[in-house]
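Number of protein chains: 2
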Amino acid sequence: MNTGTAAPGSGISRRRLLVGGAGLAGAGAAGALAVASLAGGDAAAQATGGGVVPFHGVHQAGVVTRQDRLYFASFDVITDDPGELHRLLDDWTVAAAQMTAGLEAGEYGAVGGPYLAPPEDTGEALGLPAANLTITVGVGRSLFVDGDGRDRFGLAARLPSALIDLPHFPADDLDPARSGGDLCVQACADDPQVAFHAVRNLARIGFGVVSLRWSQLGFGRTSSTSTSQATPRNLFGFKDGTANIKAEEVEELDTHVWVQPGDDPGAEWLAGGSYLVARRINMHIETWDRTSLAEQETIVGRTKGSGAPLSGGDEFTEPDFAVTGRDDQTLIAERSHVRLAHPTVNGGARMLRRGYNFTDGSDGLGRLDAGLFFIAFVRDPRIQYVPMQTNLSRHDVMMEYLVHTGSALFAALPGVPDGGSFADALFD
Amino acid sequence: MNTGTAAPGSGISRRRLLVGGAGLAGAGAAGALAVASLAGGDAAAQATGGGVVPFHGVHQAGVVTRQDRLYFASFDVITDDPGELHRLLDDWTVAAAQMTAGLEAGEYGAVGGPYLAPPEDTGEALGLPAANLTITVGVGRSLFVDGDGRDRFGLAARLPSALIDLPHFPADDLDPARSGGDLCVQACADDPQVAFHAVRNLARIGFGVVSLRWSQLGFGRTSSTSTSQATPRNLFGFKDGTANIKAEEVEELDTHVWVQPGDDPGAEWLAGGSYLVARRINMHIETWDRTSLAEQETIVGRTKGSGAPLSGGDEFTEPDFAVTGRDDQTLIAERSHVRLAHPTVNGGARMLRRGYNFTDGSDGLGRLDAGLFFIAFVRDPRIQYVPMQTNLSRHDVMMEYLVHTGSALFAALPGVPDGGSFADALFD
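Respectively, the protein sequence lines represent chains A and B.
Letter 168 of the first sequence, counting from 1, is numbered 168 in the numbering used here, and no numbers are missing.
Letter 26 of the second sequence, counting from 1, is numbered 26 in the numbering used here, and no numbers are missing.
Calculated directly from the structure, the hints in this document are not laboratory data.
Watch out, some of these pointers could steer you wrong.
In this list, chains with the same sequence are indistinguishable; a pair is considered to hold if it fits within one copy or across any two.
What the hints assert, rightly or not - Below, in silico cross-link-like pairs of lysine to any residue (SDA-like), each with a Cα-Cα straight-line distance of 20 Å or less:
1. Lys304 to Asp369
2. Lys304 to Asp81
3. Lys304 to Gly102
4. Lys304 to Gly57
5. Lys304 to Glu286
6. Lys304 to Pro129
7. Lys304 to Gly106
8. Lys304 to Ala157
9. Lys304 to Gly127
10. Lys304 to Leu128
11. Lys304 to Glu318
12. Lys304 to Thr405
13. Lys304 to Asp380
14. Lys304 to His342
15. Lys304 to Arg150
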């Protein structure tokens with residue numbers, strides 16, 4: 001499906017993506033995107049303190065950036081008209097480019113428009129800096145085919161083969177109202193009000209075309225994606241993401257995160273994109289808090305203080321799963337989290353994680369409704385996420401303290417070049 | 001009820017509050033707390049950038065301070081034993097003093113304790129600065145007398161006369177699971193992870209004595225309490241709290257915020273404290289966003305851009321409710337929010353507000369569950385809050401875009417002097 005024309009009023013020229021799709025195949029000798037150095041570009045820009053992460057690029061921003069606050073939203077598309085969907089993505093592109101630059105949404109913004117019309121921007125971010133806002137858009141399997149396998153928008157032939165329905169994992173207790181969705185928007189910023197404002201304005205722009213399905217505020221970042229950041233802690237109190245892929249590891253990003261040309265001949269349009277796995281993981285923190293330090297460290301396989309593996313060294317020392325102690329037991333337990341999640345027991349699979357701690361109040365039973373909103377970006381979820389999560393769900397002792405209550409998989413679109421649109425990869 | 005002895009294991013000396021209770025009556029010629037200059041002390045300390053707000057003082061911190069992030073929790077007391085309640089408040093005092101200083105809770109903290117025991121601190125704030133954390137504790141009417149009027153802990157005779165059951169206001173649609181409570185903890189900080197950590201550790205310390213009733217994360221501050229801060233915006237996109245009482249207005253604080261000696265002969269123990277009104281106000285923001293700028297400004301009575309009253313001037317110009325324009329209509333509408341909330345139509349009543357924008361995801365109908373978690377500190381809610389809210393509920397056109405979904409009133413305890421305890425005022 002290709003509407004072929006610029007959306008009315010979108011105000012963007014629809015200049016074709018120069019690097020993208022099939023045209024990429026010859027870009028590098030090994031077929032890899034020869035643009036990896038750009039991958040860390042937004043992180044570098046952020047480090048300059050300018051507060052604006054470039055919106056346009058080969059990859060979407062918001063994957064390797066380091067902001068501490070998240071607002072994530074999943075939408076159902078409620079129109080049957082592919083043209084409306086296309087225009088929505090065009091309009092979202094314009095608004096996202098403006099808001100990530102620290103500008104208001106719309107041509108007139110919050111207060112500059114006609115006095116007798118609703119404002120084009122909702123206004124709560126007026127006066128606030130860009131705060132390193134990134135807006136990352138993904139598409140769900142249900143956008144391509146509905147539950148009966150019907151082609152909803154003429155996109156079925158473009159369904160990426162790795163955009164699967166995630167299997168049911170042991171210990172899943174998923175709430176359908178917190179799972180799935182046709183489109184997702186991940187807004188990350190240094191200021192939560194800026195992230196909220198971004199999602200709200202995209203929802204406002206999409207009125208009548210999309211309906212908010214679920215959303216999640218994340219208050220504290222885990223799994224840093226920068227070597228210049230201290231490793232943050234999750235709500236179990238442990239450092240989380242020590243071995244995460246970092247923005248600086250550009251080759252690893254091509255190997256493990258960015259979809260490469262040729263990965264999926266039926267969906268070359270996704271080259272330069274990624275897959276976004278979202279899992280709302282509730283933690284039984286009251287139970288955890290009554291567990292001994294010894295038990296906690298055994299379950300994790302690292303010390304709680306420094307985060308060093310129990311086999312010794314410091315936080316960044318590679319864990320040694322063979323070294324034994326008393327009674328010839330390995331110092332790192334076989335069912336510890338660090339071992340079961342380690343690439344060496346998962347066929348070398350690594351993920352780029354950018355989870356956020358969350359709390360949604362209490363559960364009515366005197367307990368905090370809190371945990372980790374897990375987000376991972378991977379090149380192929382069938383290889384990198386599903387086997388590892390199957391392994392963890394079955395064997396990880398930590399699962400006694402967790403329940404997965406929400407789940408979604410999206411294909412994160414490739415980057416939008418200057419003058420392009422989120423819709424280009426999908427429709428052109 | 002006076003347990004009279006230090007709580008076992010609390011580790012604090014119970015030095016008597018030098019300024020407080022009946023001993024205050026002669027402190028100033030007019031009976032005012034002659035300590036008003038201390039009121040802004042924590043704000044001043046915060047401005048130095050040290051990141052630590054002093055915990056001890058004549059008033060609790062967290063009233064005039066300026067942090068942007070909130071985690072608020074309401075607890076039910078589940079013990080019948082006054083001694084357990086007393087010890088809990090002692091233990092909370094020790095933990096609050098430590099955490100607000102940027103230290104871990106407990107004697108040994110997160111990782112320093114016995115290896116085979118649960119850690120004394122949950123650990124997720126390890127490595128984070130104090131982030132200007134304040135912990136403010138209040139007590140609800142239900143702590144003194146239960147629904148049948150029974151004296152629960154021997155405190156009924158000490159019930160402050162202004163600690164009423166708030167009346168039902170028109171347009172209230174209160175969720176009992178988001179209302180009321182025996183104790184409250186307001187944790188404010190520059191970092192939400194630090195605020196969350198504080199509440200979580202107090203809940204952990206209270207295991208078996210208190211049960212979490214409800215809690216609320218606030219992501220963006222409204223109603224600044226400092227003249228050095230730009231006025232923040234609520235989710236209607238308008239500046240909120242332009243006319244708020246500021247930390248620098250020390251005389252106004254004594255007049256409108258701090259309970260004064262002699263205010264309540266039956267509850268002299270509350271002198272130096274305040275009343276904390278908490279209201280969870282959901283905003284129909286999707287409806288608001290489809291309202292014209294003209295209508296929005298008419299409803300508010302101020303411009304959306306600068307926040308100036310519609311009668312002219314700049315943000316801090318006093319509104320002139322008499323000045324008329326075309327057709328002899330007043331420029332500020334009679335039912336505008338700014339007029340109905342103004343001291344001149346509320347018998348001179350002012351409040352110190354410190355609300356926070358919130359979002360708790362979506363409501364299952366495609367709309368954001370978001371709004372304002374309103375907090376106000378007042379010297380007497382019967383005079384300052386109830387008449388004004390009655391007025392607003394009945395006449396404010398803005399009410400068409402609001403629904404109050406949670407409500408609570410607490411007596412915020414007086415400040416805790418060095419070596420004192422939250423329990424002192426209540427029990428001694």
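Okay, the hints, checked on the actual structure:
Proximity of Lys304 to Asp369 under the C-alpha cut-off of 20 Å is found in neither arrangement, the shortest distances being 23 Å within a copy and 36 Å between copies. Taking CA atoms no more than 20 Å apart as the test, Lys304 paired with Asp81 passes in neither setting, with 53 Å inside one copy and 36 Å between copies. Within a single copy, Lys304 and Gly102 get their C-alpha atoms only as close as 39 Å, which misses the 20 Å cut-off; across copies the closest is 18 Å, which meets it. Taking identical chains as interchangeable, the C-alpha atoms of Lys304 and Gly57 are never at most 20 Å apart, the minima being 39 Å within one chain and 35 Å between chains.
In this assembly of identical chains, Lys304 and Glu286 lie within 20 Å of each other by CA distance solely inside one copy; the values are 17 Å within and 44 Å between copies. When the C-alpha separation of Lys304 and Pro129 is checked against a cutoff of 20 Å, the pair qualifies only between copies, where the shortest distance is 18 Å, while the shortest distance within a copy is 36 Å. For the homomeric pair Lys304 and Gly106, the shortest alpha-carbon distance between copies (16 Å) is at most 20 Å, but the shortest distance inside one copy (48 Å) is not. Taking the shortest alpha-carbon separations for Lys304 and Ala157, neither the intra-copy value of 49 Å nor the inter-copy value of 47 Å comes in at or below 20 Å.
In this assembly of identical chains, the alpha carbons of Lys304 and Gly127 lie at most 20 Å apart only when taken from different copies (12 Å versus 40 Å within one copy). In this assembly of identical chains, the alpha carbons of Lys304 and Leu128 lie at most 20 Å apart only when taken from different copies (15 Å versus 37 Å within one copy). Within a single copy, Lys304 and Glu318 get their C-alpha atoms as close as 16 Å, which meets the 20 Å cut-off; across copies the closest is 55 Å, which misses it. Proximity of Lys304 to Thr405 under the C-alpha cut-off of 20 Å is found in neither arrangement, the shortest distances being 26 Å within a copy and 40 Å between copies.
In this homomeric assembly, Lys304 and Asp380 never come within 20 Å of each other (Cα to Cα): the closest approach is 32 Å inside a single copy and 47 Å across copies. In the homo-oligomer, the alpha carbons of Lys304 and His342 lie at most 20 Å apart inside one protomer (18 Å), although the nearest pairing across protomers, at 53 Å, exceeds that limit. With identical chains, the CA atoms of Lys304 and Arg150 are never at most 20 Å apart, being 50 Å at best within one copy and 46 Å at best between copies.
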